[in-house]
Each structure stands twice: as C-alpha cells, then as structure tokens.
Amino acid sequence: MRPLTIGRLFLRCGVLALLLFVVVVIALKLGAVQVSLYGLGRDLIRVLLHQSAAISTDYGMIVVDIRLPRILLAVVVGASLSVAGTSFQALLRNPLADPYVLGISSGAAVGSIVALMIESQLAISPEYAGLMTPFGAFLGAAITIAAVYVLGRREGQIDSTTLLLGGVITASFLSSIIMFLMSTLAGSSFRGATYWMMGSLSSLPPKSLLYLLGIGFLVATGAIYTTASDLNLLLAGEKEAMHLGVDVPRVQIVVYLAASILTGLAVSVSGAIGYIGLLVPHAMRMIFGSDHRMLIPASALGGAIALVLADTIARTVVAPSELQVGAVTAIVGAPLFIYLLRKRLS
Amino acid sequence: MADSTHSLVKRALLVCASFCMFFFTADLAAQTSLPASPVTPAMHEVTDGYGRTVRLPVNPSRIISLAPSLTETVYALGVEDRLVGDTDYCDYPPEAQKKPKVGGVINPNLEQIAALHPDLVLMTKEGNLLETVRALETLGIPAYATDAHTVDQIISATQKLADVMNVPEQGRALTTDMEQRLGALQTKLSGIPPRRVLFIVWPEPLQSIGQNTFIADALRRAGAASIVESNQDWPQVSLEEVARLQPEELIFAPSHSGAGDDFDSIANRPGWGILDAVRNRRYAIVSEAIIRPAPRIVSVIEDLARQLHPDVFIEKPVTEKEAHPANSAAPVTSGAQQKPIAYRSIEAMPTEISCAL
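These protein sequence lines map, in sequence, to chains X and V. Quick note: the first sequence uses the working numbering, first residue 1, plus one each step. Quick note: the second sequence uses the working numbering, first residue 347, plus one each step.
Isolated chain V (complex conformation):
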C-alpha cells in the first residue's frame, strides 16, 4: 500500500540516480580520447609479427623496447641513443640497465610508457601479451611486434627491425655477418652426428623446450638435438622420461634457470643421479643469450658448438697432441670418464680449448 508505493518510488529514484551516475562517468570516459600529437610526421604502413598492418613513423626517434632481445637488437644496430625506455629485464649490454624502465615484459606500466612519449614501441609476439598490444592500440601509440621461431627468423626479424628503425644498411651488415658466421659453422659441423641434449629451462619442476622454439633450432645449428619431442614451447618434463631418453649432455643458462651458477646445484637434486650425463658430469653452460631471439644468438651457438664438439675446433693442437700423447702436460683425462666440458663463456668465445681429448 503506502509502504509499497514508497518503496517503488525509492527504487525508481535509485535506478535513476545510478543511471545518472553511470552516464556521467561514461561521458567522462568518452570525452577523454585525445587526438595524438598535432605534428604528424611522415608515416608508413608495415605488417608486423601479429599480421597486423600498423602505421609507424618512417624515422622513429623515441623508441621503447618491451623485451630484452629487442633492447639487444637496438644496441646491435647502433641506434641506442633513440631508445628512451626498456624493461626491468633488459640487462644487456650493461648500459641498457641505465635506460628509464617501464616495468616488466608481461606487465609493463602503461603510464610509464605514455610518459616517455614514444613514437615506436617494440614488442615480441612470443614474450609480450596480446592485451598490451591492444592497450597500446587504444592509446594510439604505434607498436611493432616481431615473431621469430627459428634462427633464420631471428635474422629476418633483425633486418625488419632495422628497416622499421630506418637503419636498413646497419641491418644488412649485421645480418650478413650473422649468416656468414652460421654458414661457416655449418660447414665445420657437416657430417658430425648431433649430440643428444637436454636443455634445462628450469630444474624444479623440470621444464625444457619444445621442438618449435628458436632455442631448439639454435641447438640444431650448434650440432645438438633436444631430446624432448614436444610441440609445446615450454613443456614440463618428468625426470623419468629424461632418464628413459638419457641425454648425452645437459645444457643450461645459469642466470636464467634458477639452478644457481654451477652444475652441482642441478646434479645434487634428488633423483638426478639416474642420468648418465649427471654421473659423467657431461654438461655445457651457455650465456642467457640462448633464450633471447637477438643477434647475440649466433655467438652463443658458436660457443655451444665449441663446447659440444671440441674436436672439430681443434685444428693444429690435434696433430700436436697426437705427436706426443704420452707427454701430456695436463694430467686430467685419465680413466674412462671424460673430462667435463664446461666453459663459462659469455660474449667472447673461449679461446683456451684445452686438451679435451
């Protein structure tokens, strides 16, 4: 009666009030899309790794990189003075750490990105999120994404990045060098059976790489074959399965895998003793460049090839050693077990390939 009409009025008023509030706030949001900066520089259309057609400035001058590999590529192309921001994980080259940070790879801070007024944001389809792409689209910030699943695609992505940053010649010089070095390596390794390896992304739970990753391709180029047959990119593998497959070598990148800096921290984990490679201390440590689709991948492939196939790289010492085998200066490799072949090599390749059989 009176009460019910009263409550009806209340409801109606409340609904009206909430509608008003909503449209007020929605209007606020609608009002706010600002046009981009009034000065429009020369633009061109490019297709990026997502297959999107993106409009980018022809000569970008304020670049933000959202992945360590892209930061490395920017430095390798010599356009680092145009890099105005990168992520917390961009640590190579060391100068890259001093650039203004925009947060992580997966959760970059949009405010920080916008505050740096970039005219180009570089991303990778592999590492960054689709929603970051969408957010940048919404904000009208030009973004270009690369997509590389093989070493060849890393090389072509490097060239495309050089084109996008308007330094095509530097790109050609860099990619030609990469191709030549890989070609030379391939010639050296031709006819040599690949070593069966386990690439350790993370030891506990054991995570390795799938066959469709650029890391698997890099391993192939270094004369190695990942034993994990998986179409997932980062498959979780059981130790049992690894024991069944018995890799000849373990490969890991210390700064990345949470394994600490040495082989023992992996070998001493419970259960790992069932692997022949652990018992025989067969392993290779490579730099974190192996997990970054950047030009440095070539150096790490060369380094790994030297660690896995030292014989191939010993030119004169082979004859020297065969000349006086009894007069061995280093009394290491006695017995059936082989000496561990492990170098802590980062950028430069190890030159001291000591007497490893």
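One chain only, chain X, in its complex shape:
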C-alpha cells in the first residue's frame, strides 16, 4: 500500500463523495411516484439557486419534502453506523465488533422506546418532543456500552472475546426487553418491535432532528478522527500501543462515548439496522488498507452509499408498500459477510 498523503486522501474521498452524489441522484429519481430525470435536474438546480418557489408543486413536495429528507437521513445514519463499526473494530481488534453485535443498537432502541413512552405521557410541544427520543437512545447506548464494557473486562484489561460475548448476550437480553415493552406497555400507536429490531427509514424526520443528527455525526466523527493515529497503533495490541506512548484509556473513552452518540442518534430515528457497521468498514479496509486516517472518512462515505442504496431497494421493490431496510441490509449483507470472512481466512 502506498503511503497516505493528503492529496491521496482527498482524491479517494472525492471519488467516494462523487459516487455518493450519483447514488443520491439515482435514489431521488426512483420511488413509488415516477419523476423524470429532466424535471429532477431542473428542480435540483432551482433549489441550489434558491428558487425553490418556482418548483412545480406537483412533485416538488414528493422529491424535495419526502424523498430528499429520507435520503439525507440514510446518508447520516449509514455514515454514523459505519464509523461506529470502524471504531469498535479497531478498539477491540475484532472484525465482528459492530454496534449491532455488541448490543448497543438494542440498548439505544430500548432507550428510544422508554423516551417515547415518557414523551407521550408529558405534554411537550412537538418541536421538542422529537428530541426526546435521540436523547433517550444516546442514554440507552451509553448505558449499554458501559455495561458491556464492564462485562468484557478481565484483570483490568479489555478482553475482546469476553466483551464480544457479553455484547451478544446483552443484545439478546435487550431484544427481549423490547418485546416486553412492546407487548405490555406501549400503545398501538408506536411502531412494533420489528421496527426497532430490524430498522427502517420510513419515518419522516422533522428538520430540527436532521440538523441534530448532522451536527452530532460531525462532532462524534471528528472526535474519533482525532484518535485515528492512535487507533492505528492500537491494532498492534493494547499493551504494545501503551508502550508506544498511546494513552489507551483516553482513546477508549473518547471512542466509546463518540460511538455511543453515533449509534444512539442513528437508532433513535431508524431502529437497529444491522450489517452496515460490520460490512462497510471491512470493504473499505480491503480497498484502502487499515490506516484509520483514511478508513474513517472512507467508512463514513461508504456507509452512506450503502444505506442509501439499501433504502432505495427497500422503497422500490414492493412499491407502494415498503420493505424494512434492515431486511435489505441483512439479505445483501449476510452472504457478502460470509464471502469476506472466507476470503480473509484463505
């Protein structure tokens, strides 16, 4: 692998960003309602020129008010999950680590459900009510990862296998909590347990939530990026990294907190979508190598591309009905994962 230079970093990210743009345009074009490519291009240019009032109301609302926010949501959620997965894999030096496998997604889902229940009891104005759920999800994710962290410690050191097992057990425990909450306390106006355990992007997020997600993603990813070089050293092992002068506990705390924020934000708006955090980092590592200064932005862009594609499939294959996007990521992701795993082994 050639050494990473800033030029190469930007070139690669530029290519990925271009790919993301193409995928977003394709996603904007496709949907339950037919939209012509010409009309789409004309309207996008109008939006960029701040002339959105000139857009014909006919599909202005559909493309711009329904499809675009959903695609942006897929971009942020995909990027968040993917960066969270990258961080966990580096930190635990375990290729199977990902927010879904470690139970953090389930914890965030439980947090979201509890927040939803509390929210429906209190009379909060709708603009703020939407912010309760991401906060609850973050708390759920943070508490879960703290619990999994404690479970995974052995003689003061994190033991990857123990932690992973602890995560799997926690995930299954929390899934049953979700089932319990759904079948006893929650009214029928909430989404069912399948949504939280499979994931879907069909809820139209309010603008305030989209901003919160975007800012949260940038802050958390930025925080993780500051540890990129340390994560590279951590690949050699915790003790080795410590000997090389890495402040391992600090890196761990930063990455855990930031990854909890990323997972919490993503899950609160989309449920627990699996495989993105597992597969995209793998694929990016195969293409670009395991230098985290490259891997983190590449995973963010790759995760966005993957989830926008998956959600476009979920939206269109059975239109006007929809599939759960988590089902699409699993159906595409599981075989691909097995392939990657076998390729690694051989």
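Since the hints were derived computationally from the structure, they do not count as laboratory data. Not one of these hints is a red herring.
Have a look at the derived ranges for each label pair, beta carbon to beta carbon: (1) V:G556 <-> X:I338: 37 to 45 Å; (2) X:S36 <-> V:R408: 20 to 28 Å; (3) V:E587 <-> X:M117: 23 to 31 Å; (4) V:G556 <-> X:Y211: 38 to 46 Å; (5) X:S36 <-> V:D427: 28 to 36 Å; (6) V:R408 <-> X:V332: 37 to 45 Å; (7) X:L49 <-> V:S502: 50 to 58 Å; (8) V:V392 <-> X:L336: 48 to 56 Å; (9) V:R615 <-> X:T194: 18 to 26 Å; (10) V:R398 <-> X:D247: 50 to 58 Å; (11) X:S208 <-> V:G424: 40 to 48 Å; (12) V:M389 <-> X:R42: 31 to 39 Å.
Which stretches of chain X does chain V cover? Using the computed rule of at least three CB atoms under 8 Å from a CB of chain V, they are: (13) 23-34; (14) 62-70.
All C-beta atoms, glycine included, are put in the ideal place defined by N, C-alpha and C.
Starting from the known structure of chain X, fit chain V onto it as the hints suggest.
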C-alpha cells in the same frame, strides 16, 4: 514534527470539508419547505382522536383513508366519490379495492399520499402510527384521526367523520339507524345471560382480545362475554388458561384469523381438543367487520347475537316446533350434543334459522 503538522492540516481540512458538505446539504433541506397550495379554502379547527387541534378544510374534496374501517365509513356516508385513495387492506365494499392505493395501514407510502394531493387524510389512533401523523404534520397535509374503544364511540366517531366531511345529515341518518338497531337488539337480549366466549384473533400463537377493545364491547352487545380478562388490547393467551376458563363458544373471523375458512383448521390443531367448545363443535364464524370500527359493526353484532342466542330470534317457529316435536323434518339434533351453530354470514343476516333447538 513535519509529519504531525501535516496530519493536523489534513484533519483541519477534512473537518472543514465535511462541515461545508453538511451545511450545503442542510441548506438544501431548509430551502425546501414549500408553502401549501396558494389557494386557501375555508378552514375550521377540529379536535381529533389524539386530542390535537387540527385545521381542516370545511368542505374537503380529496380524501384519503388510511384504514379499512374509515374507507367503509366513507362509503356508508355516501361520499365515496371524494375518496381519492385508500390502503391495500381496504376491501369493503368491493369498489374500494379499485381506488388508488397508498400502501399499508402501518407503512403508508408518503410519496403516494402526497402525489394524490389530498386535502384531508383520515386515520385511526388505534391502527395508524403516531409517526405517520407527525410526517403528515411536517408535510402540511391536514389529517384527522378517530379513536374508538366502544361501540358507542364508533357511533360518535361516525358522526364526527360525517361532520368533518361536511355531510352531517347523512351522519345523523346513519348513526340513528345504528342506535335503533342496537336498541332493538338490547331489548331482545335483556335478561338473557351472556355466553362465555373466546374470541380468536390469531390461533397460533393464540391471540385474543382485551376487555377495553371495541370488539369486547361488540361481543357484550351481542349477548356474549369474552373470557379473557386483560387490559392489553391483543393479549397472547395460553391454551392452558383457555382450558381452565372453558369458553362455551369460539368466535373467529375467517378472513382475518389465519385459521383458514373452517372450524376444523382450528379444532385440529394440537391441544385444542381439551376445550369443551371444540369437542362439542360450539363456535360462531362472523365476518371480518367485527374487527373494524365502522358502521358495519352493527350488522355483525346482530349476526353474532342470532348465532349465539337463536332461541330469542325464533318467534313463530318456536310454537310451530313445540306443536309437533316428533315430526321433525331435519333429523339432526339427536343425542346430547348440540348441533353446531355456525353461519357463514357476511353482510346480510342469515334468514334461515333452521331448527336449532
């Protein structure tokens, strides 16, 4: 040193670039909220089933229904020509299937809804999701939700829907008819002990209804009492518990419960033989209207009452039969076991109440 400053620059540039990208996209999203259609028709404020105060057009002309029960109500009120879309599950009356579809009840397609330019979207608090309400709010599409947990509330919700769709007289005619028919039935059934029944929503795993559902209330009106004491709406019940309670009758709606069309597909499931009602073939099949909080609930209540309490509905045949009991034309009910009382009645009530004791 040189390398670390280099990487610092890289980081800074990257962060800047991602910020730019984000604000560009966020700006894109912020730019896009369009005002609703420029022509604003007369509006009024109504309180809906969520307790929200919603602004609705006084005379909506493009209505979308997001639940089968609402579609039925729209047709019952005779305003189906204003219905521009409904869900995949809206199958009654059959013409409703030909309306443009907007997807399912739980996951309607927002694009499809917006494409139909509705000025009123009808929802139920029970069946639709809060997030669909929020999404429609975000899009500025007027939505009105009903909320009915009893038969009386179904009647008042029907009237409110009639008001919201600006046909209050049709509403009054419809609800008066519903009330009168239920009143007549109540008079007929007064003093008759209710039959203890198990309502089967889904046989495997066995799911029944809670006491706070409109279905439980409909059963009460039909002279039946659900044996499942639960505050959940759709409790999962163990067969053991049902065996302990021993319902006198099983009730199910074939098209809805995945049980197939006949009693045997339920009765032949392992373990169900411990129920007296299964061994004695005591059951009633009702139309899927029982699970829809719509005006048709009255017909299904009447139908069920006839199936459960046939004696009450036999006026002259009773004396006729007592006149010549030995000369029974239909050689069915011999022995201790009763003949199964099961009618496949859909909309019209069964008129042939044959000699069921």
